[in-house]
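First to last, the protein sequences are chains A and B.
Every letter in the first sequence is one number past the one before it in numbering that gives the first Met the number 0, and letter 108, counting from 1, is 107.
Every letter in the second sequence is one number past the one before it in numbering that gives the first Met the number 0, and letter 172, counting from 1, is 171.
These are calculated hints, taken from the structure and not from any lab test.
Remember, it's a predicted structure, so these values are computed and weren't measured experimentally.
Cβ atoms here follow ideal geometry from the backbone N, Cα and C, with glycine treated the same way.
Just to be clear, a hint being listed does not mean it is correct.
[Unchecked claim] Derived coverage of chain A by chain B (criterion: at least 3 residues anywhere in the stretch with Cβ under 8 angstroms from a Cβ of chain B; other residues may be distant):
hint, stretch
1, 27 to 34
2, 48 to 62
3, 131 to 142
4, 275 to 289
5, 297 to 308
2 protein chains.
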Amino acid sequence: MTDRVSGAATDPVTGGLMQGFPPPPDKTLRMEDGSSWTFPNLRWAFSHQRELVPSVNVWRGRDAAVEFPRALRDDLDEIAFTTMDGEAMTWGQSVDVNCTDGILVLHKGVVIYEDYFGALERQIPHLAMSVTKSFVGVLAATLAHEGALDPTKLVPYYVPDLAGTAYGDATVRQVMDMTIGVQYSETYTDPDAQIWAYTAASGVTARPRDYGGPETIFDFLRSLRKQGEHGQAFAYKTCNTEVLAWIVQRATGVPIARMLSDKIWQKLGPEEDAYLLVDRIGTAMCGGGLNLTLRDLAKFGEMMRCDGAFNGHQVIPAAVVADTARGADRDHFAKSGYVTLPGWSYRNQFWVSHDKFGAYSARGIHGQAAWIAPGAEVVIARFASHPTAANGNGPLDRVSLPAYAAIAEHLLKT
Amino acid sequence: MTDRVSGAATDPVTGGLMQGFPPPPDKTLRMEDGSSWTFPNLRWAFSHQRELVPSVNVWRGRDAAVEFPRALRDDLDEIAFTTMDGEAMTWGQSVDVNCTDGILVLHKGVVIYEDYFGALERQIPHLAMSVTKSFVGVLAATLAHEGALDPTKLVPYYVPDLAGTAYGDATVRQVMDMTIGVQYSETYTDPDAQIWAYTAASGVTARPRDYGGPETIFDFLRSLRKQGEHGQAFAYKTCNTEVLAWIVQRATGVPIARMLSDKIWQKLGPEEDAYLLVDRIGTAMCGGGLNLTLRDLAKFGEMMRCDGAFNGHQVIPAAVVADTARGADRDHFAKSGYVTLPGWSYRNQFWVSHDKFGAYSARGIHGQAAWIAPGAEVVIARFASHPTAANGNGPLDRVSLPAYAAIAEHLLKT
Numbered sequence: 000m001t002d003r004v005s006g007a008a009t010d011p012v013t014g015g016l017m018q019g020f021p022p023p024p025d026k027t028l029r030m031e032d033g034s035s036w037t038f039p040n041l042r043w044a045f046s047h048q049r050e051l052v053p054s055v056n057v058w059r060g061r062d063a064a065v066e067f068p069r070a071l072r073d074d075l076d077e078i079a080f081t082t083m084d085g086e087a088m089t090w091g092q093s094v095d096v097n098c099t100d101g102i103l104v105l106h107k108g109v110v111i112y113e114d115y116f117g118a119l120e121r122q123i124p125h126l127a128m129s130v131t132k133s134f135v136g137v138l139a140a141t142l143a144h145e146g147a148l149d150p151t152k153l154v155p156y157y158v159p160d161l162a163g164t165a166y167g168d169a170t171v172r173q174v175m176d177m178t179i180g181v182q183y184s185e186t187y188t189d190p191d192a193q194i195w196a197y198t199a200a201s202g203v204t205a206r207p208r209d210y211g212g213p214e215t216i217f218d219f220l221r222s223l224r225k226q227g228e229h230g231q232a233f234a235y236k237t238c239n240t241e242v243l244a245w246i247v248q249r250a251t252g253v254p255i256a257r258m259l260s261d262k263i264w265q266k267l268g269p270e271e272d273a274y275l276l277v278d279r280i281g282t283a284m285c286g287g288g289l290n291l292t293l294r295d296l297a298k299f300g301e302m303m304r305c306d307g308a309f310n311g312h313q314v315i316p317a318a319v320v321a322d323t324a325r326g327a328d329r330d331h332f333a334k335s336g337y338v339t340l341p342g343w344s345y346r347n348q349f350w351v352s353h354d355k356f357g358a359y360s361a362r363g364i365h366g367q368a369a370w371i372a373p374g375a376e377v378v379i380a381r382f383a384s385h386p387t388a389a390n391g392n393g394p395l396d397r398v399s400l401p402a403y404a405a406i407a408e409h410l411l412k413t
Numbered sequence: 000m001t002d003r004v005s006g007a008a009t010d011p012v013t014g015g016l017m018q019g020f021p022p023p024p025d026k027t028l029r030m031e032d033g034s035s036w037t038f039p040n041l042r043w044a045f046s047h048q049r050e051l052v053p054s055v056n057v058w059r060g061r062d063a064a065v066e067f068p069r070a071l072r073d074d075l076d077e078i079a080f081t082t083m084d085g086e087a088m089t090w091g092q093s094v095d096v097n098c099t100d101g102i103l104v105l106h107k108g109v110v111i112y113e114d115y116f117g118a119l120e121r122q123i124p125h126l127a128m129s130v131t132k133s134f135v136g137v138l139a140a141t142l143a144h145e146g147a148l149d150p151t152k153l154v155p156y157y158v159p160d161l162a163g164t165a166y167g168d169a170t171v172r173q174v175m176d177m178t179i180g181v182q183y184s185e186t187y188t189d190p191d192a193q194i195w196a197y198t199a200a201s202g203v204t205a206r207p208r209d210y211g212g213p214e215t216i217f218d219f220l221r222s223l224r225k226q227g228e229h230g231q232a233f234a235y236k237t238c239n240t241e242v243l244a245w246i247v248q249r250a251t252g253v254p255i256a257r258m259l260s261d262k263i264w265q266k267l268g269p270e271e272d273a274y275l276l277v278d279r280i281g282t283a284m285c286g287g288g289l290n291l292t293l294r295d296l297a298k299f300g301e302m303m304r305c306d307g308a309f310n311g312h313q314v315i316p317a318a319v320v321a322d323t324a325r326g327a328d329r330d331h332f333a334k335s336g337y338v339t340l341p342g343w344s345y346r347n348q349f350w351v352s353h354d355k356f357g358a359y360s361a362r363g364i365h366g367q368a369a370w371i372a373p374g375a376e377v378v379i380a381r382f383a384s385h386p387t388a389a390n391g392n393g394p395l396d397r398v399s400l401p402a403y404a405a406i407a408e409h410l411l412k413t
């Protein structure tokens, strides 16, 4: 058995993080000194991002919130499965070892399991990390479906500023599916990886006192250079989503926070406003800056499971959902070398498993997920603050993916 | 006639502020370089504070929003009055020259006038500046009424950290009514005044690159030294409200954003969440950091006008409202020398006019106000982004106070 952390043992409330006026120095978290970005501090920080970083509201509108039917079941916690490491585990145990902050299971549109831990509460938006990308992805795919965006165009057609960069000869579709050849590393365990230059430029992680790097997300994107060829292989790089967001904002003239509110959020009947972290000139961080409540994430997942129809709205065109769920080139994906994701592909900023449930998902590091399994009529929404971001969600996947499959199997039978 | 600005001529939307991806450099506003704190840029910035500075949510809860009855009247714009400078003006003109962002007039609980300008929209929270203080004031007065706070105690009884500072021998009541002798200048036109040291410590205005001042609001408060005596004169100083917020948080153990949500906000049936700007360790800025929508500010004012009862709740004890409206020592107030506010007093962080309407108000620089006139059954909520913060709201008062009185007189007759 690998060394496991425990959600209960690292609870930020019992641990006294950010409690008191002021909190004790060793329990005080700041963005500027990096303390909010270390474990276990991120167990508090992921539920309080706007208190650390400027943000822009994603307005829920004025309609009443959709209430899911509820029929909580007590048989899920004991569901047994075997992790990818060969360890026997129950669902209940998996919730703890993943440092889960919130988890909700929908079966046929009914809430059958819902729980909150640590600093998260029902009404608090949690950092969704790269789950953000999937929202941007379906927005872009919807605009393409509506004819407002042409995926065959080269990026500079919409964003001339990116001529001469890695994106000068890339198509919008290649950006949407992340088959871009760009010199950019997403290796979270490498402090010199460009992912950290991106977060520093975005202003969401600490900048050194003598920081001389890009001041904004746009400045950072303009600095990216080509490496390899486009359209040959899937390579998961957050910069691509930022480029996609730039494209859709230039194509429409509408800021992404308002576009997201108008085209998706208001139609979902969310319980709460969502928000996006912004850089120092107010640009929304579209690669990982979305914060939303657990129930509202579940609504997004359920909308996708229901072919885009939810709350009396065709929120996303059914054709866009089908195109997403169908996935993309699995050979392209295989080149990315994710050992926990064999046979998967990536389409419209979603991860597509091609498994027996037709499952596809929005995924974010440290354990954020919307897992959509049409074949089992199941949606799982999860927020977590697991210590590792290593290898994407690799370490969590070794537990979570078998756990999700076990839940789906169980629900198919009962 | 004095030189007047015009709201219409400085509209931030037609002026192109923060429009585009990215906006043009000369239309890009940042907190860090001070550009968001200059006129006309603040006409955009006051409606977008959370995009510039971290903030904490003040949750509205899950109840439906209260809808005021509406009977808009078209006779108000032509109401004539004379400014304190002897200038003839109409109400409609006064809205423009005050660089109004939003204004709403309630008469007997009915909306008779409502308009938005510039960057403000109905659902957008606007910076309320020192209107914030009045929320903190009634919270503290309510806690005192409930016995959870003793106004006769010395400040260090609740906040031992303030022993040895200006507040070491001040009572809580003296803090509530701002009769504190403390070396602190609120002169906004003086760049060396402590008000700017306070905003820099709070992280809401630019810090010089070599900044070596207090890192947090609490650090700043601990640095304050006594000057003069307590209890002798009203002296409007924002630091007092921060001390009061520290006291109520220590007395209750509840962070102010949650206290405000639980005790006031959720009961008002607001349309939107409010928020408080926070410093770099997440401490809410209680002297001026509240942002809320215009309609929700009107609800707060109407609740006060109705003796604390609103939306089926006794939100604030009637005794607290009465104690506030009754005001405090007018001789103490006179020593502060506000030429536009003759015969006024200051109680529980409200400005009390002692006029024929029994009007009292929450006031913030650049034109924020909730004007509550029980004698005329009128409440006026106003947000603005007027260029000057000189002398409190002095320049605006010379227009606004006669304008409000004219409205009240008119409504008494019609």
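Checked hints:
1. 27 to 34: Three-residue rule met by the stretch 27 to 34 of chain A, so holds; n is 5.
2. 48 to 62: Holds: 10 residues of the stretch 48 to 62 of chain A have a Cβ under 8 angstroms from chain B.
3. 131 to 142: violated (count 0)
4. 275 to 289: holds (count 5)
5. 297 to 308: violated (count 0)
In this structure, the hints that do not hold are numbers 3 and 5, in rising order.
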